[in-house]
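S.K.: Top line first, the protein sequences correspond to chains W and V.
Position in the first sequence (from 1) plus 53 gives the number in our numbering.
Position in the second sequence (from 1) plus 53 gives the number in our numbering.
Copies of the same chain look alike in the list, so a pair counts if it works inside one copy or between any two.
Capping the alpha-carbon separation at 25 Å, the derived lysine to aspartate or glutamate pairs in DMTMM-like fashion look like this:
no. : residue 1 : residue 2
1   : K442      : E359
2   : K80       : E404
3   : K81       : D400
4   : K442      : E414
5   : K179      : D400
6   : K442      : E404
7   : K442      : D360
8   : K428      : E388
9   : K341      : E376
10  : K177      : E144
11  : K80       : D400
12  : K417      : D393
13  : K323      : E439
FYI, nobody ran anything at the bench for these hints, they're computed from the structure.
Protein chains: 2
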Amino acid sequence: MFDLFPIHGGVCAPEGFSADGIAAGLKKEGKLDVAFVHSLFPAKVSALFTTNRFAAAPIRYFQGLGEVFDCNFVLINAKNANAMTGAEGIEDIEWLMERLKHRFPSLVNPVMSSTGVIGARLPKEKIEASLGEIVLGKKEGARAAQAIMTTDAFSKEVAFKVELPDGRSFCIGAMAKGAGMIDPAMATMLCFITTDADVPENRMKELLQKAVHTTFNAISVDGDTSTNDTVMLFSNKASGVYEEEAFLMALERVMHKLATDVARDGEGAKKLVAFEVSGAASEEEAIKAAKALTTSLLVKTAIFGEDPNWGRIASTIGSSGVECDENRLRISFGEVLVYDRGAILFDKTIEEKAASVMRQESFKIHCDLGIGRGKFTAYGCDLGYEYVKINADYRT
Amino acid sequence: MFDLFPIHGGVCAPEGFSADGIAAGLKKEGKLDVAFVHSLFPAKVSALFTTNRFAAAPIRYFQGLGEVFDCNFVLINAKNANAMTGAEGIEDIEWLMERLKHRFPSLVNPVMSSTGVIGARLPKEKIEASLGEIVLGKKEGARAAQAIMTTDAFSKEVAFKVELPDGRSFCIGAMAKGAGMIDPAMATMLCFITTDADVPENRMKELLQKAVHTTFNAISVDGDTSTNDTVMLFSNKASGVYEEEAFLMALERVMHKLATDVARDGEGAKKLVAFEVSGAASEEEAIKAAKALTTSLLVKTAIFGEDPNWGRIASTIGSSGVECDENRLRISFGEVLVYDRGAILFDKTIEEKAASVMRQESFKIHCDLGIGRGKFTAYGCDLGYEYVKINADYRT
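Here chain W stands alone, though its shape is the one from the complex (with noise of 0.2 Å):
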């Protein structure tokens, strides 16, 4: 066994890790928009992008370096997604890296990550403008967390201090942003997650794997895919420490924690739901009836009422394609039971015992199909107003 304490810093927290976020005039008004993670000693980096097929440049450019790098440094903007730009895309990464590396010949193998608008160039003049203001050293995780905010309503940062029994210990910490935009581009999910764990290289790609699936696999604000989403791992070895089982836990940790943060903070959202699917044929229809459940437009705009509309619920799992037998189906509010294999328990008394809980900031809804033992718990948020108002009205 081990002990995980939270601990401040965020990406800055494990040993040997910097970052900072600065101004180069893509937001208005002087906000942070730039933002760097650096790892003083030599580090390790591995990645997960998207499944979009049009993945953007940063994401090819990082591509082309391998699957597990040497690397020491990301610069990361908001406001240009560099996504449809084909060679041109990458062919501004390379420049922008160029001047970097010119300037801090420390770096090795630097990449970039970038959320914003689709379809126009990087302004990689200003941004290239704006380099001479990066200090190596600076240990301002939550600035970096400022910076890469698009429509954020708050930042996103995490750390944790991982003890062994034997005492030795090793320190996570990361980043996020999720919500969406406040310009006309998809809603992406950028984390980057640093440690001075002594991961070995040929474990990161597989351990992100893991603790991804049940964490920002499992999370859906608009059921969109962006071009730009991306996971990044850095690992500088600088504890010396590692221990699988503990660095997995600490990870998935990390990344629940940031993943139920992105989809709390969707565009317009109050609420946070936690779908639990149980009773399925198999995980993967667990997965499906449970994501289902997030993306229907009918349950988040019901969940924006707080309305126990359990009819909605059992449509929606009954239209996902998972097998599935409404005299063996479940559905509770919390811990409200409203259908019961076949009984509709759904009263007044019950209804307004459900709606209590959907008054809260957070809840579960929880679907026994009663078939088999497949399992999966999937976040989603509420579809109100400010939904449609961030995403229609942004040039008002």
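The hints should help you fit chain V onto chain W, whose structure is shown.
M.R.: Here is chain V on its own, set in the frame of chain W:
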């Protein structure tokens, strides 16, 4: 070849069909809420139903009678879906149908169709008490179309006379409802088609399947599939005339008109958009991409905002899982090309032209994937404040 003339009368236009709407007290203020369609001559019925696993009781009742069978009457009610009601839901229908046959001995295998709240018992006594108002011979198609409306902003009916080159003719008529609900239930689509063409009974289901593919299966209001979706075809052979090509064409025209009316009348929607996808690797891929566009929240809110946000269109195609390549893709709003195989044509002038296309009530967005010959057109609508209001605020 043949000629097709629009005529009045809706479902009552074909010879020997009658219909009416009555008020059973299910809706408030004495509004019409129960409808029937009847054939004075012996008729056959065939239907296509929802793929939702929790198909409503009236659907399971119908399926218990066969695929194509003798039937000269359908009773339709609004305000209650009779879904998630188990064996009792079927018993309620049997009870009502017995009373109906007792009152009108000429009825053969009467069936039901319902739309409204999921998970509440059918108010069968109220409906039974109103059966006395039914006059079998009434030709009030418009009142029937009105009775089946829920949140529909307008009633939907259509009829054509089909004239063959030799002067013989037959008629086809139909009515539909869509839009959604004012009560907490799924947005249900119901469509009833009548014809006096001499359709061979063994062709009825296949012809319905062909016609539904490019019509009702090509529309999306909210991406949810209701427990009650139904397309029902009655044929009484009264004209003695049939020519398959002409009949199929007329059937498709009727269903296309009603399906686009349903999409146009999506809850709170103001615009009908045809998403034309061409150049896909296969028709399946074209369907996948076109449907992804109709259900993308970011695309739907951009349409509401009249924002020619081609980046969202591209990204939705990229995440739809179809084969695509940014150097082959072309995107147009109406006739305005905004992205051409890697070249971003979008400047202030093009943006204004594309925005003016989007200010129309009805327009197309065309995506040529440039990969193969697969094509498909799906129909969708915008998503604005009204949608949220209808679906979240029904209590207030």
